[in-house]
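Enquirer: Use the sequences and the hints to build the structure in full.
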Amino acid sequence: MIRQTTNEPRSQTSLESTPFHRYVFDDGTVWTEFHRSKVGYLLRFPGLADFEVSADGTEVAAWPAEDTDEATIEHLYINQLVPLAMSRQGRPAFHASVVTVTGGAVALLGSAGAGKSTLAASFALGEAGFLTDDALLVEERDDGFYAIPSHPSLRLWADSVEALVGEPESLAGAICYSTKARLLAGEALAHDVEPRRLLAAFRLGGNSEFVTIKPLAGSDRYRAWLDNSFLLDIEDRDLLAQHFDWTHRISGAVPTFTLDYPRDFCMLPEVRDAIRRHVRKTGS
Amino acid sequence: MMKLDTPLTIPPQVMSRPVGDETVLLNLESGIYFGLDGIGRLIWESVSAGKTLGHAVQTIVGEYEVDPARAEADVLAFASDLVDRGLLAET
Chain A
1 MIRQTTNEPR SQTSLESTPF HRYVFDDGTV WTEFHRSKVG YLLRFPGLAD FEVSADGTEV
61 AAWPAEDTDE ATIEHLYINQ LVPLAMSRQG RPAFHASVVT VTGGAVALLG SAGAGKSTLA
121 ASFALGEAGF LTDDALLVEE RDDGFYAIPS HPSLRLWADS VEALVGEPES LAGAICYSTK
181 ARLLAGEALA HDVEPRRLLA AFRLGGNSEF VTIKPLAGSD RYRAWLDNSF LLDIEDRDLL
241 AQHFDWTHRI SGAVPTFTLD YPRDFCMLPE VRDAIRRHVR KTGS
Chain B
1 MMKLDTPLTI PPQVMSRPVG DETVLLNLES GIYFGLDGIG RLIWESVSAG KTLGHAVQTI
61 VGEYEVDPAR AEADVLAFAS DLVDRGLLAE T
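Each protein sequence line maps, in turn, to chains A and B. All residue numbers for the first sequence refer to our numbering, where the first residue is 1 and numbers rise by one. All residue numbers for the second sequence refer to our numbering, where the first residue is 1 and numbers rise by one.
Treat each hint with caution, since some may be false.
Claimed, not checked - Listing some non-contacts, in silico: residues in chain B with all C-beta distances to chain A over 10 Å:
id	residue
1	M2
2	D5
3	I10
4	P11
5	D21
6	G35
7	Q58
8	G62
9	R85
Stated by the list, open to error - Have a look at the derived ranges for each label pair, beta carbon to beta carbon:
id	chain 1	residue 1	chain 2	residue 2	range
10	B	T9	A	A55	19 to 25 Å
11	A	V193	B	A49	47 to 53 Å
12	A	E209	B	P11	44 to 50 Å
13	A	A112	B	A89	35 to 41 Å
14	B	E90	A	D56	37 to 43 Å
15	B	G86	A	A112	30 to 36 Å
16	B	V66	A	T282	33 to 39 Å
17	A	V193	B	D37	23 to 29 Å
18	B	V66	A	A241	32 to 38 Å
19	A	D56	B	E65	51 to 57 Å
20	B	A89	A	R36	26 to 32 Å
21	A	S11	B	G38	52 to 58 Å
Since the hints were made in silico from the structure, they are not lab data. Glycine included, C-beta positions come from ideal geometry on N, C-alpha and C.
Expert: This is the structure in structure tokens:
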């Protein structure tokens with residue numbers, strides 16, 4: 001569990017410490033700086049907010065930057081701070097959307113822009129539901145790994161909203177660093193609130209002419225999970241060792257595949273069918 | 001200079017786990033992960049079992065039907081690379 005508090009906005013003055021880790025976009029933009037602080041960690045999202053995380057990952061305090069709204073803080077908290085803080089508690093967390101299929105759930109692994117949310121929305125607007133949009137928390141049980149439901153919202157670009165939903169009835173507050181719309185689950189967009197056993201995972205690949213699914217084995221399979229991990233403290237040996245074991249167990253237990261498909265909204269039903277067929281066929 | 005009977009150990013900061021037909025290594029000091037397959041995995045298994053690189057060469061010659069001199073050169077080069085990366089230590 002995590003105790004969250006939000007403080008009054010404050011300006012982001014320069015920090016004395018040097019970050020021990022950074023998340024940087026391909027264009028060089030810094031998304032997150034990881035600093036050590038007196039209480040544990042200070043995570044700076046430049047221009048958006050600072051978050052202080054206790055050393056054990058059980059407490060998160062937000063300091064919005066002066067122009068940052070509540071919806072942005074909520075979004076950062078749910079999709080970044082919760083998985084990172086949980087990783088500090090020794091709970092594995094991965095960049096993935098999760099959707100319901102017969103008998104369990106399927107994880108769609110991928111970094112930002114891979115198409116996770118669009119594909120998850122297409123499942124959730126049909127006969128299935130989604131458990132999480134962007135941050136997969138898992139729980140290990142006797143019969144396998146279970147995906148834990150997260151916040152009932154999905155973030156989509158405008159073209160995805162228009163193609164999939166048309167005029168959405170339920171929109172959450174916009175977030176100030178992205179033009180993506182946040183769709184709230186409702187009658188049309190089904191959110192699954194039950195933990196579901198992970199039957200398979202698909203690492204979303206690139207745009208291709210056909211829907212192609214290939215199994216991943218060995219270290220490639222391991223890396224599919226590792227590359228999509230949240231890890232708050234990459235310098236903590238115990239945490240690294242624990243995460244190494246978690247990744248080993250989940251990649252060994254959950255059949256994992258690459259999924260390439262045409263980035264064409266009309267093809268999404270075919271992609272969904274291919275995923276379902278594949279899960280059935282492999283007996284996952 | 002490394003030889004086939006040079007004693008090697010796995011440093012305490014290195015973890016390894018089998019993944020399918022491969023072995024994944026993590027150097028806790030650098031946080032860098034490595035994947036070993038084929039000959040690399042055989043070398044790793046030999047060292048893990050407390051055996052020499054000479055044992056790894058014998059296994060490779062038996063399994064892959066390669067020239068012993070070639071196998072010896074490959075094993076020594078690979079083991080040296082693992083030492084350079086901090087994944088094995090000479091004792």
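Enquirer: Any hints from earlier that this structure breaks? Give me their numbers in increasing order, please.
Expert: 5, 6, 10, 17
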